[in-house]
Amino acid sequence: MSETATVLRQEREENLRNIYDNKIPKRVPISMYLSNAVVAGYAGVDLKATYWNPSLLKKPLLELSERIPSDTSLYGGSVYTPVSSQTLRSINKVMSSTGYMQHPNTRCMEADEYDELIADPYAFIIEKCIPRLYKGLNAESNPGKNILALTQENQLKMAVGREEMEIMQELDERFGYPNGIGPTGFGRAPMDWLADQLRSFSEVCIDVKRCRSKLIEALDAIYPLLYKIGVCADPENVSRYHSTDFQLHMATYLNEKDFAEVWLPSWKRQVEDYASLGMRTGAFLEHDWGRLLDYVYELPTGSIFSFEYTDAKLIKEKLGKKHILSGGFPLQHLTKCTKTEAIRKTKEWLDIMAPGGQYIFGFDKGAMTHHDVNIENLIAVCETVRDYGVYDNPGTPTGEIFNKSDYKHSNSPVFTSKYYRSWEDYIREFPYTPEEARPLIAQSEDSLLFLMFVMTC
Amino acid sequence: MMTNLEKLQTAVVELEETAVMEIVEQIMTSGGNDAQAAMEACREGLNKVGQLFESGEYFISELVFAGVLMTQVLERLKPALSKNFDQQLGKILLCTVEGDLHDIGKNIVKAMFEAAGFQVADLGIDVKANVIVETAKTENISIIGLSGVLTLAIDSMKAVVDAFKNAGMRDKVHIIIGGNPVTQEVCDYVGADAWAVNPQLGVNLCREWVKG
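For the protein sequence lines, the chains are E and Y, in the order given.
With this note's numbering as the guide, the letters of the first sequence map in order to residues 57 to 513.
With this note's numbering as the guide, the letters of the second sequence map in order to residues 3 to 214.
Just chain E, with the same shape it has in the complex (with noise of 0.2 Å):
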């Protein structure tokens, strides 16, 4: 790592880290993202061959950070790829025919299936979300090859895995961009986990009003499992350098009754929860939540809230100092504005933005395609964060402190499920088994599940 580098990554770590730590920053630092989709656009790369190849991303990642002043990295390889999708035969990410991989609307749950669900949430993911989500893995649907599909997916993820995880470091060394702070975390909150995966969007939309109790209930007897998946499980390496994030989705397209009702307890719970063992949380606040803002507000202290629509001012106003924001600018301004026109909307929105620290710079959204960014205009725009966005009173004080004591842990019974092993039911299996596989065995059974659950995200 070059000089320049360690240095620039030292004043990156730094900034953040006054942000994380209640202090003014030296300037307001930039959290930047690009997609396969923007960088293949960018150089004239076939998205879809980005996805079997990284290593056609390097040279244009190299270019792109190189030109674009971000205080992390452009790159963190890809969520969604037809490598798991296309080996399992998934239904739930799919890439469309101009080869961006999507959502859609799918459901592996029926209405009168929530009994089940309430009973062993672990087993109805894998005895009925699996097989129906990947029709690779389906006995039915495929046989004999479904005991191939999954080795075979977790050999190309891994080899795939492995470039980016090249091309990522390769950044991080030549960039100087932070590797020891930010979210480590990955949390679903119940009920968009239950809506966007297993009911679907749309067929919650009808639960909330023809079995609300049911759902309620369900969001319930799924929080233990929704707790382990987002938790720290070693309380040594609990940090507030760190954060457990989110993406939230359904709340703002529910009416408030049963937003505060339905979608909102189990959530805050959770939240709550992980804050009472030190955590931080983060979240990604979808769409608009203007109406909403008295709510999250309520949320623990520190929490660092990334924003879409909602109304700038407005969120800075009730949220500011309470919690972190950032994101927010929106990515529009990079294609409808002339480069002096961007560059006075990014003033503007410093100014509303910065005072007072605990805003990190960044888009409402993430660029989709090369089309979204005008890459002049982006250059611009981070530049005038760099050089704008600079106070004259850093390592002052701000904002609400957050003490973990303010949060008082809910009473949640221990995970448990039938295909989720115990060390006490291991050693009934085989007796013979020593003391020194226990963490191994500890380890692979939390990995699985970790691997389970991921599979229906």
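No lab work stands behind these hints, which were simulated from the structure alone.
It cannot be assumed that every hint is accurate.
Distance windows between CB atoms, simulated [claimed, not checked]: (1) E:296 - Y:186: 36 to 46 Å; (2) Y:53 - E:266: 45 to 55 Å; (3) Y:126 - E:290: 42 to 52 Å; (4) E:199 - Y:84: 42 to 52 Å.
Yeah, the Cβ is synthetic: ideal placement off N, Cα and C, and Gly gets one too.
Let chain E serve as the given structure and place chain Y on it in line with the hints.
Same frame as chain E, now just chain Y:
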């Protein structure tokens, strides 16, 4: 004292499924003579649902439910409706444009159009411009409804409008667009004839087009 049809309209507005279906059932068990009037009442109710959506009292969740409710009502009343009820306003082509796999909005709109008396040719999701033009030509459809959720759908919608121009058919069709990224500015860019944030407004507009 409210009549059954007034009660039906109110129940649709309030999305009271049980009440709606009870009234519909009563109409059918008493011979179905009021079936056509019941559909009219439902339509009035849907107009109000659309208004409540626009004014921020109802949300997507309510629109989805309204769509499902209307599909049920239509299914139950169909035997008593005129034989060509679902064709009385003609045919509309509906789809999610190329590159986009989202269909929630399209399906809401589809239910509303069917309840209004349109026959809907639903081409599904991720539909290429040439397929849309070809279908419009072969099935002689003059109203084209294009849906999309992703920003990339905007360029695909524009490609559809351009494809109609290139086929010399632009003046033979009305094109209406809708979905998350759609605004008047997007409508202008795409070159569509109209856009609708409220699906029922879209339905009403298409009724006007049909009537000429």
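We went through each hint and held it up to the structure:
For residue 296 of chain E paired with residue 186 of chain Y, a C-beta distance near 45 Å keeps the hint of 36 to 46 Å intact. Between residue 53 of chain Y and residue 266 of chain E, the C-beta spacing of about 24 Å breaks the proposed range 45 to 55 Å. As the Cβ distance of residue 126 of chain Y to residue 290 of chain E is approximately 47 Å, the hint placing it in 42 to 52 Å holds. Distance hint for residue 199 of chain E and residue 84 of chain Y: a CB-CB separation of about 50 Å, consistent with the stated range 42 to 52 Å.
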